[in-house]
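*Asks:* Here are the chains, one letter per residue:
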Amino acid sequence: MSERQIQLEVLRYDPETDSEPRFQSYAVPCKNEWVVLDALNYVKENLDTTLSYRWSCHMAVCGSCGMMINGEPKLSCKAFIREYSDKIRVEPLANFPIERDLVTVVEDFIAKLTRVKPYLIPKEDKPISAGEFKQTPAELMKYKQYTLCINCMLCYAACPEYALVPDFIGPAAIALAHRYNQDSRDGGRDQRQEVIATDEGVWECSFVGACSEVCPKHVDPAGALQQVKVASTIDWYKEHLMPWVKK
Amino acid sequence: MAKSNKPIFWGLFAAGGTVTAFVTPALVLVTLFAAMKFSPDMFTYENIHAFAAHWLGKLIIFGVILLSLWHAAHRLRVTLHDFGVRADGAVAVIVYAIAGLGTLMTLVYLLRI
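Taken in sequence, the protein lines are chains A and B.
The opening position of the first sequence corresponds to residue -3 in the numbering used here, with each subsequent residue numbered one higher.
The opening position of the second sequence corresponds to residue 7 in the numbering used here, with each subsequent residue numbered one higher.
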């Protein structure tokens, strides 16, 4: 009763042998509780072992199974078959080169992530004997939301600015920079501003907001970027109109 | 990589957005009431003229018009970009020139009152 036959149209592409991507259709008997990732696993196990895609946790934590499902960036482990019609089209994440089938080349994102220094740069070095860096719940609240990012890159696939300007540092990386800038234990904001307060940084964003709409963890990168814009604007006025004020 | 100078325009855009969000609906309503002859005595021509003649009134009117103009200019620039107009440099020059001209005219007309 709770099984339904669906047509899974999957983009296939091997850059080494294929001249261009094509769609391959598979008939998959899906259980009611299945997600698109289950259907892909069924294909891989029973119909076509050559299909390539990334996945790991199957519970929206690892961030590896992002793909375009009916043209929308989704985690395939969170996209329930029952919410779709009998024909589901699956493609690799938009705005990224294809490595093979549904696997994308993510080096660009990893490089950008590295550039924004997404780790704590302590204000002061203190010996372990001096005790822990304490933080109040209010200080934690300022950035906690942005720690939920799982680097799934759905926001990059959704962002029209990133599609247009590949140099744009993009939603997730800037939101993560903001996460550390907002941390009371951190002293690395000046270093990160050199990267994100640039034309290719936060100022490439035109606040379309698609990043926040597709974010599976409700990080709200668009909100983070707006806060970065406000803070960078205040910086600019301080630097140019009040150069005597120490940062 | 050099830090961007976009904060100049974005600062005006953000401040203008806040101002217009609060002031514009009220102005529309007041204008509508005045047009329908529902305006209380407070909004007679003489009173409004006196308001615009006072330096504080001038400052308020100038602030509201300046910020609204620059907000609209930047909004238009970004909207055109979203619509697929890729000549950002030319668009920026045109919309900011209009905002600049409007600012100048506001200043001239206010000082003549």
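In case anyone wonders, no lab produced these hints; they're calculated from the structure.
Cβ coordinates follow ideal geometry from the N, Cα and C atoms, glycine included.
Some clues are possibly wrong.
[Claimed, not checked] Reference listing, derived: stretches of chain A covered by chain B, where coverage requires no fewer than 3 residues with Cβ under 8 Å from a Cβ of chain B: (1) 107 to 116; (2) 186 to 198.
[Said to hold, decoys possible] Once the Cα atoms are required to be at most 30 Å apart in a straight line, the calculated DSSO-like pairs of lysine-lysine come out as: (3) B:LYS12 / B:LYS64; (4) A:LYS27 / A:LYS113; (5) A:LYS113 / B:LYS64; (6) B:LYS9 / A:LYS140; (7) A:LYS138 / B:LYS12; (8) B:LYS12 / A:LYS113.
[Stated by the list, open to error] Reference excerpt, derived from the structure (chain B facing chain A, CB under 7 Å, subset only): (9) LYS12; (10) PRO13; (11) GLY17.
*Asks:* Taking the hints in turn, state whether each one holds.
*Replies:* Structure-based check of each hint:
With 0 residues bearing a CB less than 8 Å from a CB of chain B, the segment 107 to 116 of chain A misses the requirement of three and the coverage assertion fails. Judged by the Cβ-Cβ criterion of 8 Å, the segment 186 to 198 of chain A is covered by chain B as claimed, because 8 of its residues qualify and three suffice. For the hint pairing B:LYS12 with B:LYS64, the CA-to-CA distance comes to about 28 Å; that is within 30 Å, so the pair holds. Taking the CA atoms of A:LYS27 and A:LYS113, the gap is about 43 Å. The hint is violated against a cut of 30 Å.
Distance check on the hinted pair: A:LYS113 and B:LYS64 sit about 48 Å apart at the alpha-carbon level, beyond 30 Å; violated. Straight-line distance between C-alpha atoms of B:LYS9 and A:LYS140 comes to about 27 Å, which keeps the hinted pair within the 30 Å bound. Between A:LYS138 and B:LYS12 the alpha-carbon distance is near 26 Å, which keeps this suggested pair within the 30 Å criterion. Distance check on the hinted pair: B:LYS12 and A:LYS113 sit about 23 Å apart at the alpha-carbon level, within 30 Å; holds.
A cut of 7 Å between beta carbons decides the hint on B:LYS12: the least distance to chain A is about 4 Å, and the hint holds. Among the interface hints, the one on B:PRO13 holds; its C-beta lies about 4 Å from the nearest C-beta in chain A, closer than the 7 Å criterion. Residue-level restraint check for B:GLY17 holds (minimum Cβ-Cβ distance to chain A is 5 Å; threshold 7 Å).
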